[in-house]
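Visitor: As a plain string of letters, each chain reads:
2 protein chains.
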Amino acid sequence: MRKIKDIISEKPWVAYAIFIGTVVVVFLAGLFGASIVERRAETVQRFNLVKDIPEYEPRNEVWGENFPRQYESYLSTADTNYMSKYGGSKMIDMLEREPNLVVLWAGYAFSRDYNQGRGHYYAIEDVRKTLRTAVPQPATCWTCKSTDVPRLMNERGIGEFYKAKWADMGSEVVNAIGCQDCHDPKTMNLRITRPALAEAFQRQGKDITKATHQEMRSLVCAQCHVEYYFKGKTEKYLTFPWDDGMDVAGMEKYYDEIEHVDFIHTVSKTPVLKAQHPDWELAQFGIHAQRGVSCSDCHMPYKSEGGVKFTDHHVRSPLSNIAGSCQVCHRESEATLTANVNERQDKVKELLLAAEEAIVKAHIEAKAAWDIKATEAQMKPILTLIRHAQWRWDYVAASHGGSFHAPLESARILATSIQKAEEARKELAVLITRLGGKYPVQLPDISTKAKAQAFIGLDMAKLNAEKKEWLSKVPAEWDKQAAERQSKMNK
Amino acid sequence: MRKIKDIISEKPWVAYAIFIGTVVVVFLAGLFGASIVERRAETVQRFNLVKDIPEYEPRNEVWGENFPRQYESYLSTADTNYMSKYGGSKMIDMLEREPNLVVLWAGYAFSRDYNQGRGHYYAIEDVRKTLRTAVPQPATCWTCKSTDVPRLMNERGIGEFYKAKWADMGSEVVNAIGCQDCHDPKTMNLRITRPALAEAFQRQGKDITKATHQEMRSLVCAQCHVEYYFKGKTEKYLTFPWDDGMDVAGMEKYYDEIEHVDFIHTVSKTPVLKAQHPDWELAQFGIHAQRGVSCSDCHMPYKSEGGVKFTDHHVRSPLSNIAGSCQVCHRESEATLTANVNERQDKVKELLLAAEEAIVKAHIEAKAAWDIKATEAQMKPILTLIRHAQWRWDYVAASHGGSFHAPLESARILATSIQKAEEARKELAVLITRLGGKYPVQLPDISTKAKAQAFIGLDMAKLNAEKKEWLSKVPAEWDKQAAERQSKMNK
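Protein chains in written order, with the working numbering: chain G, 5 to 495; chain A, 5 to 495.
The following block holds chain G by itself, in its conformation from the complex (with noise of 0.2 Å):
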């Protein structure tokens, strides 16, 4: 020991390094000690609750008073500046982008009205609007447009909601889709609180109370970003068609079986399935749901502010936020990973547009052989090629975001959907000739919204007229009902 007494009494600055360097780390450890005890603040701050929020809350705002940065975020949907990249805030009219959806939905009220959507926030406001409730419709349009539904499903029985008139229901449903949709008001988990999932789960013999928090994160997405069907002609019950499997192929299955029909096509007479938007289940084909991203993950992504780390209800494009959810775990720079979901999309688009031209002839030429007296014995098979050609086109085209998270699979269906199109005009050609018709058929010219909602006869003054009346009368008269039962709970 004397020998290093030594070493420091010769070079006293290797004692004084040894002191400093101790000052140093111990100055460093208390700072991260106190940044600890800071975030944990922060965090119990969160649950800190300024008040109980009753089981079937619907309004956002009040919500929004306990959870002040998630209800913020919330708001920010109401700002649709993205959409500035088509053009302003203004909703792209997709009839007007795409003429040929007219024909494709003759028959159907898609083919009055087809806005891009503006997203949850505005849910009530556009679906009033819409020409598509124009039409006497169920009340089980409104189960995915507000937080009112599981409150009134509460009151009335699910059954009894499904059933009642979408129109008799104005002034109960009012709340856009928020908070109440997908938490639980007293310790803020996720649950599910429409009952189609559940149901449909139920009948795969899975129960959904045991999924997962990261499960969650998805399935609260997946109670309405799915197919569906009403099932019943008055009952109207909204029904998951998955018992055949969730795929398009199983779920067309499903469809032909119980010989459901959305509508029959008023030029080719086919009896059409309309797709509502797979959403979920295409996205399950994809890689990111293979590795376990939620929908949450890329849409609501994690978020820091201040010591606080909480889940962004911003709900929007992963595109319009890649540093907060992409680069999470892709290292590429903005521009490439935009570029590499743009050509995903654009491969996908020009097999949409190419099955989307093939079926519209398709129907186009079916009423060239009815108008030749072809029977019904030999249009039938040609009309379930055209019904099952429409179906997986209209599957991938109503998916929101399937040719970004399961592009091969999107690719997969329409090339599907182009064969059997190509395969009913193949039946038609010969039909038509065998019956000594005009061959080619002439088509109709179809190249604006106005041309191909006057080809299917659609008188679109009337009907906005009605609608404009409508909307200067009912909506109002339904917000003033509203405010005075609203203004009762507040009691």
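Simulated from the structure, these hints should not be mistaken for laboratory data. Take the hints with a grain of salt, since some may be wrong.
If chains are identical, the list can't say which one is meant, so a pair holds when it fits in one copy or spans any two.
[Said to hold, decoys possible] Derived pair list, reagent style BS3-like, types lysine-lysine, alpha-carbon separation capped at 30 Å:
1) K442 - K273
2) K257 - K365
3) K210 - K55
4) K257 - K273
5) K472 - K133
6) K384 - K442
7) K365 - K384
8) K94 - K477
9) K492 - K466
10) K353 - K278
11) K353 - K257
12) K384 - K471
13) K273 - K384
14) K307 - K133
15) K472 - K365
Every value quoted in this text rests on a predicted model; they were computed, and no experiment measured them.
For this one, chain G is given, so just place chain A on it according to the hints.
Guide: Coordinates of chain A only, in the frame set by chain G:
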């Protein structure tokens, strides 16, 4: 300083601890240093060449004396046990498995004989044995089969080499694909030895000598694993059809413009384009290539033996070496990664078979139309549709691994193939009906390779007997001459 001295004199263990700690750290540093020195030694040894290799040395075993690890791993490619997955070490007879192929290639040597490739090691043996080389072929066919080719091109000139007859080069081309094809014998740098790739780059205004090392790790493969044709009736000059783009549509345009025809289909009279193997081009559309992953990264990944890291020359499917290839980047299990690959391949395969079926029927229906006196003018646009459909189908079918390398692009191409084939069938259906023919056209029984070959009029007994006779005489003579020639080289 007195105080620290005091501390040590009071607590002598502090000094001991510092001393022992220092000893341990120095010891570990020594071990680490030794390991570095050891690895360096082995790495240097790698270039400690046993002998000089002449510029055009074709024999892999000669190169192997300097590079035992690379050579040994190259020799592993002789092992075809990986084929056991498909039932033994026998090559799959593709025509037996998919008799539709016989009809698709009616009029081309592929309809006689088409086996699964056994890889580079067997290139010479297999090209001698196939019935495809019983047809007179130009020497151009040897270009990608042997390390003797750069030597011959140097001795005779590139154009003269291509112009020769395949059969006349038998004793000169005897060493299978190997070292010489990709490496500079002096520096071992990767280099391009086949002129067609460099020439194609040049026509695009690119200088292949400027390629980075990582690019070269794919480009040496792209010397052969690409789409090409033999330009000129007698010149048979190996040319890549890339001047209008390196995608399926660009090459189709190129071939159409020069009216290139690989063969006239004996059933339908279609002027068919036979795709070679646009592996590299198609792979560029996939995410791996887009992320800068080279062919070698997965098919010849780095490997460690002792202290030496080297490129594994056991060229093979990454699925046979998931730990060494995929798992270098992907943290999923072998089972998961295999399932991911299989899913992509299955989906593309589904569309491949759908395209195949439609094109086979189109060929047969075209024959039915000719049989009832369809005119050239009536048939021309239809045969163009069949030509394009088959080109697109073959583009994917011939692309080794394309369904994994670029699944979405493969599916997109196949969807357009299906569309064109079905459109051709529609036009044929109308034409046959108008000409008073029977529709649907009766399809022949082509359920086995033998039945399909009988349908297209091949006398397989004769072809096999001729090849057997040839094999019993010629190759042994070639090998004898080659051995004499090479023994002179050794002196």
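Visitor: Within, between, both or neither: how does the pair K472, K133 come out at a Cα-Cα threshold of 30 Å?
Guide: Answer is within: at 9 Å inside a copy they meet the 30 Å cutoff, but 79 Å across does not.
Visitor: At most 30 Å between C-alpha atoms: does K257 with K273 qualify within a copy, between copies, both, or neither?
Guide: within (20 Å within a copy, 40 Å between copies)
Visitor: Is the C-alpha distance from K257 to K365 at most 30 Å within one copy, between copies, in both cases, or in neither?
Guide: both (25 Å within a copy, 27 Å between copies)
Visitor: At 30 Å max between alpha carbons, let me know whether K94 reaches K477 within a copy, between copies, both or neither.
Guide: Cα proximity of K94 and K477: one copy only (24 Å, versus 79 Å across).
Visitor: What label fits K210 with K55 when the C-alpha limit is 30 Å: within, between, both, or neither?
Guide: neither (36 Å within a copy, 69 Å between copies)
Visitor: Reference check for the pair K472 and K365, CA-CA at most 30 Å: within, between, both, or neither?
Guide: neither (34 Å within a copy, 55 Å between copies)
Visitor: Evaluate K353 and K278 at a C-alpha cut-off of 30 Å and name the case that applies: within, between, both or neither.
Guide: both (19 Å within a copy, 28 Å between copies)
Visitor: Give the relationship of K384 and K442 under a CA distance limit of 30 Å: within one copy only, between copies only, both, or neither.
Guide: both (21 Å within a copy, 22 Å between copies)
Visitor: Quick one: K384 to K471, C-alpha cut-off 30 Å, is that within a copy, between copies, both, or neither?
Guide: neither (37 Å within a copy, 54 Å between copies)
Visitor: Using 30 Å as the alpha-carbon threshold, which applies to K442 and K273: within, between, both, or neither?
Guide: both (20 Å within a copy, 28 Å between copies)
Visitor: Between copies, within a copy, both or neither: which fits K307 and K133 at Cα up to 30 Å?
Guide: Classified as neither: same-chain Cα gap 34 Å, cross-chain 65 Å, threshold 30 Å.
Visitor: Checking an output row: K365 and K384, CA cutoff 30 Å. Within, between, both or neither?
Guide: For K365 and K384, the Cα distance is within 30 Å both inside one copy (17 Å) and across copies (23 Å).
Of the numbered hints stated above, those contradicted by the structure are hints 3, 9, 12, 14, 15, listed in ascending order.
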